[in-house]
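Trainee: Here's the letter readout for the chains.
There are 2 protein chains.
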Amino acid sequence: MKLKILKNELNESIQHVSKAVSSRTTIPILSGIKIDANASGITLTASDTDISIQSFIPTEKDGSHIIQLETQGSVVLPAKFFVEIIKKLPDDEVEIEVKDQFQTWIRSGKSEIHMIGLDPEEYPLLPQLEQNETFTVQSDLLKSMIRQTLFCVSTNESTPILTGVQWQMAEGKLKLIATDRHRLATRQAQIPDVEQLQFKNIVISGKNLNELNKILPDQNEPVQIVVAESQVLFKIDTNLFYTRILDGLYPDTSKIIPQSFKTEMVISTKSLLNAVDRAYLLSREEKTNIVRLVAEESGLVEISSSQTELGKIKEEIETESYSGEAFKISFNSKYMLDALKAMDCEKIHIGFTGAMSPIVLKPSDHVELVYVILPYRTTG
Amino acid sequence: MKLKILKNELNESIQHVSKAVSSRTTIPILSGIKIDANASGITLTASDTDISIQSFIPTEKDGSHIIQLETQGSVVLPAKFFVEIIKKLPDDEVEIEVKDQFQTWIRSGKSEIHMIGLDPEEYPLLPQLEQNETFTVQSDLLKSMIRQTLFCVSTNESTPILTGVQWQMAEGKLKLIATDRHRLATRQAQIPDVEQLQFKNIVISGKNLNELNKILPDQNEPVQIVVAESQVLFKIDTNLFYTRILDGLYPDTSKIIPQSFKTEMVISTKSLLNAVDRAYLLSREEKTNIVRLVAEESGLVEISSSQTELGKIKEEIETESYSGEAFKISFNSKYMLDALKAMDCEKIHIGFTGAMSPIVLKPSDHVELVYVILPYRTTG
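These protein sequence lines map, in sequence, to chains A and B.
Note that UniProt numbering gives residue 128 to position 128 of the first sequence, counting from 1, and the numbers run on in steps of one.
Note that UniProt numbering gives residue 174 to position 174 of the second sequence, counting from 1, and the numbers run on in steps of one.
All copies of an identical chain are treated as equivalent in the list; a pair is satisfied when it fits inside any one copy or across any two copies.
Result set (DMTMM-like, lysine to aspartate or glutamate): computed pairs, CA atoms no more than 25 Å apart in a straight line: (1) Lys2 / Glu309; (2) Lys235 / Asp140; (3) Lys314 / Glu97; (4) Lys7 / Glu95; (5) Lys110 / Glu325; (6) Lys362 / Glu320.
Treat the hints as calculated values from the structure; they're not laboratory data.
The structure presented is a predicted model; accordingly, all values stated were derived computationally and were not measured.
Please construct the entire structure, taking both the sequences and the accompanying hints into account.
Mentor: Structural data, given as structure tokens:
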């Protein structure tokens, strides 16, 4: 293998695949990045067996040459050193030459690097997926659906299935669900051309979705998603992102969200967020993060918290609209803050069914997003 | 005590003094910030006994009212909560009212906070310094003198005196010296009106100077420095920064810097920095950070490093000027990078006296800055 390639294009692909390299792998070959070069371009592959990322750099793009191939071939190079050295090379062009026994020379400007490469035949093959269940989502929608649910996954490894986000498809709608037993997020969206498609128990680790979100472009591009037996593949431009599906059955959460309320209000997201944020400063000193909400029938809401050694804080907010009984409820302010920050809307609708029953938050502009937060059972 | 104050002015002063609050103090009253209010303004004080910071907010500034005082008084408020809540208050104005037993109410917009205050009589008094040894340095000069020496202090607490920077004054020049036994930095500058002033063993903890540098303004302002028996006081606008002087005798470093060289070169700072930075990527995998420099009499310099499992890297740089013998030397690339990054000049002068002797780096434009790096004793 011998070729010249533009540094920035190579670096961009390396940064993508590097997210799949584990620093603590027990399989030595996986501490490397695989490079395959042929006439059409070069393909970079990295994997930690849980996620695998492949990035293709074409020989030509938009009519300009990116790669000058002299001889084709493959090699596996040590990931950490390769990732860091390429971005620091002095020249805009990089020459890569693989000689006997995968000894590799990288040249750029007056820098010459000799890397001890590994045999690409030892590198595991990526899964071949059946392309039956395939659909397309725009990257900005996908990115926000992931962002709005991801933070609700459990961090407790004793129930591994809850560390993932459940993906459901039914009646033309994609739905993402996450819960850690104390709070729940659901976000759904209409997807074009998926009437035939139906799945229910596709659960993807929150950690992997976090890595996926780093690769998803901010500008709007179609992302093709292939759901297979034990893997999901995301095709983003010339990048492929494979993630394992978590084993186990996700609990049925369809009954958790109350549908009718004793009290309902519409309130400014920012006013509530700021008031809860200030009350949080005191509540976290007690480790419990307990903040109290007291609503009067007139529609006035008081947010408060207290801490024995420091003092107390309280604040009044006027609601935009209010119907139902006066009531009191206590909740974990951290959970409330996470939800309010992810709402992306000016006003929210909150529904209550009682001091011991779940609080339900929705954007008031009807985006199909729902948060449920369980209250604290406090006395008095 | 009862007053109203503009939030931003209060917040700015709080951020300054908060740098002296320790999160792990054994003296409960020091976990608070002391507030003294009278007709001229309010004074905030914080201390961890090692450093103390005082910030004064005048009632009026540039003709506009900052404080409306109703009744004067003092209180100590819990620092962490106070620091964070003030910047998050909803309104531009903050009301502070201290009632019986130092119970304090803070009001802003529709937020009301009740803080459990402490008795200000229990707060230790700041040291009264004799103002005999006083001089003035411009803040940008002081800031760069500290930045260019600070990173060379020792982090090893077994020789406490070396965790500080030595300040010397003689013949109208202020000189800062720092060393961790492997490298040394000295930076001096002419100071106006200090001909009479002389001191030698003023050593200030690197940690404290780091906090001082955060308070020193970026825009150029005079900083008055008072050197007393066991404390140094920095007066910056309306802020006072007190630091303890470290006990013990700083070693004599005057003989360490070689004055004549076998080989001397002038080289581009950026070229050398980038080449060493690339070689560092490999060298750090060996934990030793060893990088090798080989110079030919022609003036060509080769920077290289190697790591058994990964490979090797080498790079050539042409010097701007070169005189003396060809030679080889090995050094800790981390130390070299730290020095090169702090140089602030396009070209540097490097002097060598032998493979086992200190390397001497100076800016080529004669700023009075010198770095000394001890070489590695390698075989072959």
